[in-house]
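Colleague: Residues per chain, in single letters:
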Amino acid sequence: MARINLDHIRHAYGPKPKTPSDYSLKEVHHEWNDGGAYALLGPSGCGKTTLLNIISGLLQPSEGKILFDGKDVTNLSTQDRNIAQVFQFPVIYDTMTVYDNLAFPLRNRHVPEGEVDRRVKEILDMIGLSDRAKKKAQGLTADQKQKISLGRGLVRSDVSAILFDEPLTVIDPHMKWVLRSQLKRLHKQFGFTMVYVTHDQTEALTFADKVVVMYDGEIVQIGTPAELFEKPKHTFVGYFIGSPGMNVLPAKIDGSSVDLDGQKVALSFAPKIAAGAKTELGIRPEFVRLGREGMPVTISKVEDIGRQKIVRASFANRPIAIVVHEDREIPSEPKITFDPNAINIYADSWRVGGEA
Amino acid sequence: MEKTWNNKAWFMVLPVLVLVAFSAVIPLMTVVNYSVQDTFGNNEFFWAGTDWFTDVLHSDRFWDALTRNLAFSAVILAIEIPLGILIALNMPKKGLGVPVCLVLMSLPLLIPWNVVGTIWQVFGRVDIGLLGYTLAALGINYNYVNNVFDAWVTLIVMDIWHWTSLVVLLCYAGLVSIPDAYYQAAKIDGASRWSVFRYIQLPKMKRVLLIAFLLRFMDSFMIYTEPFVVTGGGPGNATTFLSIDLVKTAIGQFDLGPAAALSLIYFLIILLLSWIFYTVMTTSDAQK
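From first to last, the protein sequence lines stand for chains X and V. Heads up: the first sequence begins at 1 in the working numbering, then just goes up one per residue. Heads up: the second sequence begins at 1 in the working numbering, then just goes up one per residue.
Check before you lean on any hint, since a few could be wrong.
[What the hints assert, rightly or not] With the C-beta cut set under 10 Å, the calculated list includes, among others, these residues of chain V facing chain X: (1) Ala136; (2) Ala185; (3) Asp189; (4) Arg198; (5) Tyr199; (6) Lys204.
FYI, nobody ran anything at the bench for these hints, they're computed from the structure. All C-beta atoms in this analysis are idealised placements derived from N, C-alpha and C, irrespective of residue type, glycine included.
Starting from the given sequences, assemble the full structure and let the hints guide the process.
Modeller: Printed below as a string of structure tokens:
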């Protein structure tokens with residue numbers, strides 16, 4: 001278990017990067033706590049796997065240093081960093097039994113056979129494959145194989161960190177829940193530092209204490225699930241987290257009042273905005289009130305998703321989503337108001353402070 | 001619903017049937033026909049039953065040639081398969097080296113058998129051949145024309161030169177199909193170089209190795225052209241393999257009956273051995 005410091009890390013796959021767009025991973029400079037559970041969340045190609053491979057040592061960063069507990073490990077190999085990693089697709093040793101597959105990382109490190117047996121049995125129990133221990137791993141189904149991969153990642157008790165690269169992609173939804181809660185339990189029990197890459201927000205939000213949202217090779221926000229929901233630092237976070245995502249409307253800011261294509265909204269603070277910046281107002285669909293007062297909207301569609309209804313409407317010539325409780329009537333002349341505490345203002349896509 | 005019988009379908013498959021008949025069935029049946037009859041020319045045939053088969057199976061000539069064949073196949077397989085794996089493991093996986101290596105590896109495979117034979121025949125000659133002359137100049141007594149051991153070495157080295165590439169290319173194809181994640185996982189699991197080979201590369205190459213093994217076995221067991229060109233079966237009968245023996249019997253001595261019986265036995269041996277190898281190598285796969 002270790003504290004991980006990413007010291008001005010940048011990475012480019014091509015040689016001799018010049019412009020910032022040559023970097024697949026733009027500058028990352030963060031400290032990750034010992035025993036923390038972090039999720040790297042972002043769409044495909046945003047650099048999350050690159051960052052993960054840099055931490056595990058499978059990839060050398062073009063620039064910057066990486067430290068485990070203050071010790072520089074940038075030039076150390078994966079073996080020497082003492083890292084466990086689980087990959088997206090099952091990696092199993094076909095010719096070995098399930099038991100030997102799990103024992104492999106321990107035996108390679110010359111762990112005494114008694115200890116190996118104890119750890120392997122424990123993991124077999126956890127992934128529910130005890131009855132297949134003596135079978136060849138080759139004949140198993142894809143999700144059983146992935147459970148073995150997962151088990152191999154968890155079998156060592158002395159690792160600095162365990163990294164997961166979208167490990168549950170091939171597992172069926174029910175089993176996903178079970179395995180995820182087991183991972184969570186393991187985390188609480190042993191306090192491993194865990195880094196979990198995913199593009200599934202539910203997975204990230206349920207697994208991690210801190211979610212690291214990445215976009216276009218850049219970390220846009222690190223925060224608790226609540227922070228990401230209430231105060232998205234970047235319009236991308238607002239849009240990516242939440243279902244449906246945050247409404248982002250082009251806005252003209254004048255002191256503490258906002259002009260949304262003719263509709264005026266008052267703010268509780270006066271954001272400081274640099275001249276010439278593109279300004280936007282962001283509000284989560286959950287904080288838009290639909291009623292008989294406020295600004296007029298035109299409803300185009302209502303989606304009933306069980307406990308809630310999602311109203312798709314047009315407001316100030318822009319599409320807007322509104323979440324309404326399922327029992328609420330939808331008025332015939334619908335109007336909306338915004339919860340003033342839930343309004344976020346963005347300049348060039350980044351959130352502008354001025355917290356009230 | 002009533003089935004419509006349409007005999008036109010037969011016309012559709014007719015070309016294939018004719019082709020197979022001419023290419024396989026008719027020649028094979030001709031051989032079968034010769035193997036059970038005796039002829040003195042003039043298209044006169046006398047029924048001989050299984051006499052020719054008995055004759056062949058009781059002749060030392062046959063057993064000696066068969067032993068030579070088995071020994072030759074065993075030696076070249078024992079060298080070409082490990083060597084092929086070794087070269088494939090060390091070939092570059094990306095960059096400019098890949099096409100260069102692939103082309104270099106394919107070159108021997110593109111050369112016709114008799115040309116390969118001629119190349120080595122000249123190459124090994126003590127008077128003008130680069131290899132033979134160099135060895136002689138180094139004081140090594142090498143002469144494939146009259147030394148049995150030298151003749152065998154020449155044939156084996158020639159076959160390795162000609163065919164190891166095939167094993168290399170097949171193994172290489174197997175190796176590049178292994179996803180990177182396997183190597184990464186092995187690194188993380190702390191696997192040694194040997195473990196990576198033993199538990200990842202070898203199992204993943206198993207299928208292509210089976211094909212390589214069978215192809216090399218069948219080809220080496222049927223070898224004819226190269227030894228015929230290089231040594232002509234000599235010195236003495238030291239490199240007379242079944243195929244050379246067969247041609248001597250059939251065309252040299254014009255003993256069509258024994259030659260036909262020999263070819264059928266030869267054919268059945270290859271079929272049987274290939275089947276045994278295949279079964280042995282695939283059943284280990286099925287055991288879980």
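Colleague: With reference to the structure, classify each hint as holding or not holding.
Modeller: To see whether the hints hold, each was checked on the structure:
no., hint, in the structure
1, Ala136, "violated (49 Å)"
2, Ala185, "holds (4 Å)"
3, Asp189, "holds (4 Å)"
4, Arg198, "holds (8 Å)"
5, Tyr199, "holds (4 Å)"
6, Lys204, "holds (8 Å)"
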